[in-house]
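This is what each chain is made of:
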Amino acid sequence: MSEVTAARALVTRGSRPTRGTRGTTPPGARRRRRSSTWIAFAFAAPLIAYLVLFYAYPLVQNVVMSMHRFDRNTFVNGGAPFVGFDIYGEVASQPRFWPVVRQTAIFTIVSLTLQYVFGLALAVFFHRAGFRLASGLRALFLVPWLLPVIVSGTTWQWIMNADNGILNSFLGIFGVDPVWWLSTDTSLISVIIANVWLGIPFNLVILYSGLQNIPTDLYEAASLDGASAWQQFWRVTMPLLKPVTLITLLLGLVYTLKVVDVIWIITAGTGTSQTLATWSYGLAFGKGTSSVIRYSEASVVGTMLLLVALVFGLIYIAVQRRQED
Amino acid sequence: MSPTTFHRIAAIGAILATGAALTACGSSPAPGEDGSASEGNTTSKITFWDPYPQHKDGSAWDEHVKACAPDGATITRTSAPQTDLFNQLTSAVKEGNAPDIVVLDNPMMPSAVDAKLLATAEQAGISTDGVDENLLGPGVVDGEAYGVPFGSNALGLYYNADVLTAAGVDPASVTDWETLNAALAKVVAAGSKGITFSGVAGEEGVFQFLPWFWGAGADLEDVSSDDAVSAGQLISDWVGDGYAPKSVTTDNQSAAWDLFLTGEYGFAVNGSWFAAAAADTDFTTGVMPIPGRDGGVAPVPTGGEFAVAPVQDDDASDHYANAAAVIDCLTSGDAALETNETLGYLSAKPDVRAQQVAENPLWEPWVSSVEGAEGRTTKLGGAYVDVSASLSEAIQGALNAAGDPAGVKAAFENASGY
Numbered sequence: 001m002s003e004v005t006a007a008r009a010l011v012t013r014g015s016r017p018t019r020g021t022r023g024t025t026p027p028g029a030r031r032r033r034r035s036s037t038w039i040a041f042a043f044a045a046p047l048i049a050y051l052v053l054f055y056a057y058p059l060v061q062n063v064v065m066s067m068h069r070f071d072r073n074t075f076v077n078g079g080a081p082f083v084g085f086d087i088y089g090e091v092a093s094q095p096r097f098w099p100v101v102r103q104t105a106i107f108t109i110v111s112l113t114l115q116y117v118f119g120l121a122l123a124v125f126f127h128r129a130g131f132r133l134a135s136g137l138r139a140l141f142l143v144p145w146l147l148p149v150i151v152s153g154t155t156w157q158w159i160m161n162a163d164n165g166i167l168n169s170f171l172g173i174f175g176v177d178p179v180w181w182l183s184t185d186t187s188l189i190s191v192i193i194a195n196v197w198l199g200i201p202f203n204l205v206i207l208y209s210g211l212q213n214i215p216t217d218l219y220e221a222a223s224l225d226g227a228s229a230w231q232q233f234w235r236v237t238m239p240l241l242k243p244v245t246l247i248t249l250l251l252g253l254v255y256t257l258k259v260v261d262v263i264w265i266i267t268a269g270t271g272t273s274q275t276l277a278t279w280s281y282g283l284a285f286g287k288g289t290s291s292v293i294r295y296s297e298a299s300v301v302g303t304m305l306l307l308v309a310l311v312f313g314l315i316y317i318a319v320q321r322r323q324e325d
Numbered sequence: 326m327s328p329t330t331f332h333r334i335a336a337i338g339a340i341l342a343t344g345a346a347l348t349a350c351g352s353s354p355a356p357g358e359d360g361s362a363s364e365g366n367t368t369s370k371i372t373f374w375d376p377y378p379q380h381k382d383g384s385a386w387d388e389h390v391k392a393c394a395p396d397g398a399t400i401t402r403t404s405a406p407q408t409d410l411f412n413q414l415t416s417a418v419k420e421g422n423a424p425d426i427v428v429l430d431n432p433m434m435p436s437a438v439d440a441k442l443l444a445t446a447e448q449a450g451i452s453t454d455g456v457d458e459n460l461l462g463p464g465v466v467d468g469e470a471y472g473v474p475f476g477s478n479a480l481g482l483y484y485n486a487d488v489l490t491a492a493g494v495d496p497a498s499v500t501d502w503e504t505l506n507a508a509l510a511k512v513v514a515a516g517s518k519g520i521t522f523s524g525v526a527g528e529e530g531v532f533q534f535l536p537w538f539w540g541a542g543a544d545l546e547d548v549s550s551d552d553a554v555s556a557g558q559l560i561s562d563w564v565g566d567g568y569a570p571k572s573v574t575t576d577n578q579s580a581a582w583d584l585f586l587t588g589e590y591g592f593a594v595n596g597s598w599f600a601a602a603a604a605d606t607d608f609t610t611g612v613m614p615i616p617g618r619d620g621g622v623a624p625v626p627t628g629g630e631f632a633v634a635p636v637q638d639d640d641a642s643d644h645y646a647n648a649a650a651v652i653d654c655l656t657s658g659d660a661a662l663e664t665n666e667t668l669g670y671l672s673a674k675p676d677v678r679a680q681q682v683a684e685n686p687l688w689e690p691w692v693s694s695v696e697g698a699e700g701r702t703t704k705l706g707g708a709y710v711d712v713s714a715s716l717s718e719a720i721q722g723a724l725n726a727a728g729d730p731a732g733v734k735a736a737f738e739n740a741s742g743y
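From first to last, the protein sequence lines stand for chains C and H.
For the first sequence, the working numbering gives the first residue as 1, with consecutive numbering after it.
For the second sequence, the working numbering gives the first residue as 326, with consecutive numbering after it.
It is possible that part of the hints are untrue.
Pairwise CB distance ranges (calculated) [unchecked claim]:
no., chain 1, residue 1, chain 2, residue 2, range
1, C, A121, H, D382, 24 to 30 Å
2, C, V311, H, K370, 47 to 53 Å
3, H, E689, C, V83, 31 to 37 Å
Just a sample of chain H residues kept apart from chain C, beta carbon distances all over 10 Å, derived [as the list claims (entries may be wrong)]:
no., residue
4, T372
5, G383
6, D619
The hints are simulated quantities; they were obtained by calculation from the structure and are not laboratory data.
We put the beta carbon where it would ideally sit given N, CA and C, even for glycine.
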C-alpha cells in the first residue's frame, strides 16, 4: 500500500503546474530561495534516502538480476553474464509456466471474491445487528488475523488431513467420501479455503468502518420512500461503499498475489497449489522439490508479479482520480 | 516544495541509487587461493555454524562444541536448518564475513565447492586420515578433499514388535519387497496401520526414497528407468492400499517419526539418529536393514554432515587455523566418540565406530547400513542436485497417483526439477 500512496504523492506533486516565476526573481530573493531549497532538501532527505535504499534499490537490483545469468558461483564471486530478456523467455517456455499463471489467477480471483462477499455479509450483519453480543462476536472474527500464520497454516493442514482430519470426519456425517485435500488435484482448493478464512477479518474490518460512514438518514429516507432492505442495500449501501470496496479489493489483490506463507506451510507449493509467488520463493531459496537456487529465474517471476501489481495500482489511481473529478 | 526542487532531489536520489547499484555489482574479490592453517594463529573469537537447531544453547552438543575452543578462545555457535544454513553461508562468503567452521549436509558439498565457497582440507589443515572412503566421497571434488565427515547416519526399517506380534508377523520373514508387502497386508488386516515414511518435497524425501530406488537396481543417471518406476510403484501402492498415510506427501522425517511413536504403525523408515528415542518408547521396537527388491540389503544414502572451512578474504590463515584446531578436536581422540554419541551418529572412522558398537549394542544393526552406504553425489557431483529435484517431483507424482501404474509411470517420465 505504502508504495502506491507514496508514488501517487510524488506524481501529483511533481506535475502540479506552478512554474512561471523563474527569471523574474530579484537576486536577493533568489538567494533566499536557494537556501530554503536546501532546507527543503534537508527535510526531505531522510525520506528520500529511505525510499531509495529500501524501495528503489531492491527493485532495480531485482530487474538487473533477472537480466544476468546468476548461479551460486557468480552470485558470490561476480561475473554473471548479461543475457537481456533470455531468461524471461526460458521461464515462460517452461511447461509449468502457464499452469502456474492459471493457478495464480484462480487463487487470487476466487480468494478475493469470497473474502469480499463473506466480509461484506458479516459487516452488514454486525452493522445492523444491535444485540449486545455483537461487538464480542465481531472481535472473535478477528482471531484468524491475530494468529501467526504458522499456527493457522499448520492447523489447516491437520484439519485437512486425508486420513484422520476433522474436515473429512465432518463431511462423513453427511455421507461424503473422504477427500484427499492436499493431493495434487485438490490442493489449490484447499489453500484457497484457508486463505479465504485468513482474509475475511481484513475485509470485515475495513467494510464495517466504511458502513459506519454512511449517514443513517439516507436509510431513513429510503425506508420512508418504501425501499425494501434489499433495495436499500443495492441502492444505498453499495454505491456509497464503492470507494472502500475499491481500496479493499486492491489491497486484497496485492496481498493475495504475494501470498507465500499459508500455501507453503500447508502444501509447500506442491501440485496445483503452486502460484507465481510460491514458485518464485522456491526458486530463490532452493526450497520445494529443487534445492538448486535459481537467482535469475526467481527475479524474473518476481518482476512479473511486480508488474501485475503495478498495473492494478495504476488502475486504482485512475479510478480514484475519476471519482474525485 | 517547488517542482524544481523536487526534480533536483529526485536527480540526487537517482544518482545515489545508481551509485549504490554500481558498488554492489562492481568489485567482488576473487575467491581466496591463499591462506593456510599452518601459517595462521588461532584467534580469541571463533564462529561455528551447524544445522542442528534442535540442540539448543546449553545442550550436550552445544557444550561439547564450545569445549573444543583452543586456550583463550571462545566459540560462538549458530544453528539453522540445512538449506537455510547453506543460503546463509553463500551470502556470508559473498560479504566476506563467513564463519570459521561450518557443518554442511553432505549432498551440498559439490555445489558449495562449485560455487567456490570452501577452502580445501589441505589449506584449512583438516585431516581426513582414517575416514571411510564411502563417507568421504561426497566431499571430494576432482580428487581434492574439502572438509571431513565426523560421523554418519543411515536409514533403517524400524518396526513395532507389539503390532507385528499381534498381527502374527515375524520380522525375520521380511527379506524383500514381496515379503514386506505381505507383512504390511497382515498388519493392516489385523486393524493396525502399516508404515510411515517421509515423502516430503525436496532432498529429505529423496533421501528416504533412495534405498527403494537403489534397492530396485535403478541408477541416478536414469531416473525414468523401469527399475526406478518400480520403486515409485512400491511406495505409491502403499498409499493406494492404505498401508501408508496420505500425509506422507507433506511429512518430513520428524513428522513421520511422530506418527510411528503413536504406536499404531507396524513399520517406519527412519534414521539412526532416532535409535536412542526408539529404545525409549513404551512399545517394543526393533530395526532391520531396508530390504532390496529381490532380497538382500538395499544400499542406503550416506547421511550426515561435513565439517568445512569457508573461503575467507581477510586473515584467511588465522581463520583456517581456527577451523583446523576446532575440527581436529571434534574428530580425534575421545572427543570423536562423544561427538557421534551426542548427535546419534556412527563415527566415520572404523576404529571409533567399533568402540561405539562395543559400548552400546543399540548401534549393532546399523553398522552394515553405514558401511554399505552410497554417497548421493559421489558419482554425479554437482549434477546431483538437478537429478534430486526431478526425483522429488517424481516421488510427489507417484504418491499422488495412489497406486495407479499409469500415473506413477507418467510421474517418472515427466519429472523435471525446474
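We went through each hint and held it up to the structure:
Judged by the Cβ atoms, the range 24 to 30 Å given for A121/C and D382/H is violated: they are separated by roughly 50 Å. As the Cβ distance of V311/C to K370/H is approximately 51 Å, the hint placing it in 47 to 53 Å holds. Distance hint check for E689/H and V83/C: the Cβ-Cβ separation is about 56 Å, which falls outside the suggested range of 31 to 37 Å. Residue placement check: T372/H keeps its beta carbon more than 10 Å from all beta carbons of chain C (closest about 18 Å).
The Cβ of G383/H sits about 25 Å from the closest Cβ of chain C, beyond the 10 Å cut-off, so the non-interface label holds. Look at D619/H: its CB is around 29 Å from the nearest CB on chain C, clear of 10 Å, so calling it non-interface holds up.
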